[in-house]
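Asks: Residue numbers (the working numbering), protein chains in the order written: chain A, 11 to 108; chain B, 28 to 314.
A few of these clues could be false.
What the hints assert, rightly or not - Label-pair distances were calculated between CB atoms; the ranges are:
id : chain 1 : residue 1 : chain 2 : residue 2 : range
1  : A       : LYS12     : B       : LYS80     : 55 to 61 angstroms
2  : B       : VAL310    : A       : ASN92     : 45 to 51 angstroms
3  : B       : ILE123    : A       : LEU38     : 53 to 59 angstroms
What the hints assert, rightly or not - Far from chain B, some chain A residues (derived; all Cβ distances over 12 angstroms):
id : residue
4  : ASP18
5  : LYS22
6  : ASP23
7  : MET50
8  : SER61
9  : ASN75
10 : LEU79
11 : GLU83
12 : ILE86
13 : ARG94
14 : ASP95
15 : LEU98
16 : LEU102
17 : ARG105
Because the hints were derived from the structure by calculation, they are not lab data.
Note that beta-carbon positions come from the ideal geometry of N, C-alpha and C, so glycine has one too.
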Amino acid sequence: MKKIIIKDIFDKDWVSREAGEKLRNIILDNAQDDKKNEKMEIDFKDMIIASTSFFDEAFAKLCENNWKLEDLEKKICFININPRDKKLLFDLFKRRLK
Amino acid sequence: MAFCDYIYSVMNLKIILPAIISDGRLDTILGLLSAVRDDSFKTHLILDWSNVKEISPAGFAILACVFDSLVEQGCTVTSKKIKKELKEIPVIKNFIHINEFKNLPPPNIHSFENNKIILRGNTTLVDIFFQEYVKNKFSFILSDDLIYSVNLISNELMQNSVDHSTSERYYIYAGLWKNEFHVGVLDMGVTIPAKLKQKYKCENDLEYLELSLQEGIGTRRQRPGGLGLSYFFDYLKEHKGRLTILSRGAQIRKYFNTRRSQKNLLKYPLYGTWCFSRFNLLVRRSA
Chain A
11 MKKIIIKDIF DKDWVSREAG EKLRNIILDN AQDDKKNEKM EIDFKDMIIA STSFFDEAFA
71 KLCENNWKLE DLEKKICFIN INPRDKKLLF DLFKRRLK
Chain B
28 MAFCDYIYSV MNLKIILPAI ISDGRLDTIL GLLSAVRDDS FKTHLILDWS NVKEISPAGF
88 AILACVFDSL VEQGCTVTSK KIKKELKEIP VIKNFIHINE FKNLPPPNIH SFENNKIILR
148 GNTTLVDIFF QEYVKNKFSF ILSDDLIYSV NLISNELMQN SVDHSTSERY YIYAGLWKNE
208 FHVGVLDMGV TIPAKLKQKY KCENDLEYLE LSLQEGIGTR RQRPGGLGLS YFFDYLKEHK
268 GRLTILSRGA QIRKYFNTRR SQKNLLKYPL YGTWCFSRFN LLVRRSA
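Let the hints inform the model, and build the full structure from the sequences given.
Replies: Here it is in structure tokens:
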């Protein structure tokens with residue numbers, strides 16, 4: 011299972027659209043390479059993101075690659091995510107789906 | 028009056044600063060910023076600080092913007108009657124020495140914090156550590172919910188300033204003021220009306236500013252804008268807050284406790300964008 015630790019990869023920027031785009035590309039690359047259909051772990055340990063720009067770019071924009079809400083739940087395991095961040099992330103995803 | 032005194036008096040512009048420097052009444056400050064940009068500006072500015080009794084968290088950021096504008100316009104300034112307790116605050120200390128600055132100093136020259144306020148002057152990047160400062164300093168009084176709201180709002184405002192204003196510097200502040208918590212971002216870059224004019228056509232700056240607060244409005248071509256703003260409003264509503272935005276020729280003040288708004292064209296334009304938000308700390312959230 012591929013594991014991404016946000017704190018390690020985004021130690022200098024976890025707020026901007028650019029950082030979000032970087033994470034989305036990692037997610038898409040992993041989904042493409044993943045032959046076993048394994049879940050990807052994204053670990054938000056010690057992080058509070060609180061950025062619509064980051065979440066919109068990283069996750070909500072997956073809609074443009076035909077991701078549905080079920081895909082987000084099926085393909086990604088969110089670990090140590092702040093409950094407010096999780097709510098914001100899913101809310102932004104649903105808005106994009108509309 | 029001796030002739031040299033007369034010449035001296037007509038070449039000077041004297042401004043008496045208000046008793047409270049804050050995001051409340053801004054006429055004097057905006058008048059000052061307008062006057063120094065005017066071609067007919069006198070050669071020397073006298074700032075009289077004798078009335079200044081209080082400076083809110085936003086007030087320090089406002090003073091930092093004023094300082095930058097005065098240096099940019101090459102004004103010589105004499106600050107008079109500054110109270111002793113204010114003299115040690117970096118932005119005010121910088122005013123005392125303003126004539127030594129021939130070019131704009133880095134914005135962090137004004138950065139400071141005390142037990143109630145954080146002011147940070149930043150350049151072209153979002154200050155990712157700001158939320159850490161807010162948490163460390165104010166977690167004793169702010170709920171986790173409110174800290175999250177403040178973080179989200181400060182991130183949105185910084186992101187907007189960095190993305191759109193191209194001012195290369197902005198000031199972000201947060202702090203306690205009476206029964207409120209204040210947070211905001213100020214820049215002297217490309218204004219909201221100027222930016223929106225590239226994509227939309229409105230009658231005046233107030234219409235542009237009102238337009239900017241609608242969901243789906245933005246200057247990006249590839250995605251709807253204003254997404255962050257709708258969350259921003261939700262959090263302010265939840266905490267019965269208040270939002271003030273000034274950009275170029277207009278201002279909007281939204282009072283979320285009464286659902287009242289005050290919108291008007293400014294007497295003196297602001298060549299920048301100032302966003303101030305306030306949260307009422309006495310509000311108990313409904314379950």
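Asks: Now look at each hint and say whether the structure bears it out.
Replies: Here is how each hint holds up against the structure:
1. Checking the proposed 55 to 61 angstroms range against LYS12 (chain A) and LYS80 (chain B) shows it holds: the Cβ atoms sit about 59 angstroms from each other.
2. A C-beta distance of roughly 22 angstroms is found between VAL310 (chain B) and ASN92 (chain A), which places it outside the suggested range of 45 to 51 angstroms.
3. Separation of ILE123 (chain B) from LEU38 (chain A) is about 55 angstroms and conforms to the stated range, judged on CB atoms against 53 to 59 angstroms.
4. The non-interface label for ASP18 (chain A) is consistent with chain B: the shortest C-beta to C-beta separation is roughly 15 angstroms, beyond 12 angstroms.
5. Listed as a non-interface residue, LYS22 (chain A) fails to keep its Cβ farther than 12 angstroms from every Cβ of chain B; the least gap is roughly 7 angstroms.
6. Taking the minimum C-beta to C-beta distance to chain B, about 6 angstroms, the non-interface status of ASP23 (chain A) is violated against the 12 angstroms cut.
7. Every beta carbon of chain B lies more than 12 angstroms from that of MET50 (chain A), the smallest distance being close to 24 angstroms; the non-interface claim holds.
8. The beta carbon of SER61 (chain A) is not kept farther than 12 angstroms from every beta carbon of chain B, the shortest such distance being approximately 5 angstroms.
9. Once the 12 angstroms rule is applied to beta carbons, ASN75 (chain A) is consistent with being away from chain B; the minimum gap is 15 angstroms.
10. Annotated as non-interface, LEU79 (chain A) keeps its C-beta farther than 12 angstroms from every C-beta of chain B; the closest such distance is 18 angstroms.
11. In this structure GLU83 (chain A) is separated from chain B by more than 12 angstroms, as the shortest Cβ-Cβ distance comes to about 22 angstroms.
12. The claim that ILE86 (chain A) is not at the interface with chain B holds, since no C-beta of that chain comes within 12 angstroms of its own (minimum 21 angstroms).
13. A cut-off of 12 angstroms between C-beta atoms contradicts the statement that ARG94 (chain A) is not in contact with chain B; the least separation is 5 angstroms.
14. ASP95 (chain A), annotated as away from the interface, has a beta carbon of chain B within 12 angstroms; the closest lies near 8 angstroms.
15. Listed as a non-interface residue, LEU98 (chain A) fails to keep its Cβ farther than 12 angstroms from every Cβ of chain B; the least gap is roughly 7 angstroms.
16. Consistency note on LEU102 (chain A): stated as away from chain B, yet its beta-carbon is not over 12 angstroms from all of that chain's, at 7 angstroms minimum.
17. At the 12 angstroms boundary, the C-beta of ARG105 (chain A) falls inside the reach of chain B, the nearest C-beta of that chain being 7 angstroms off.
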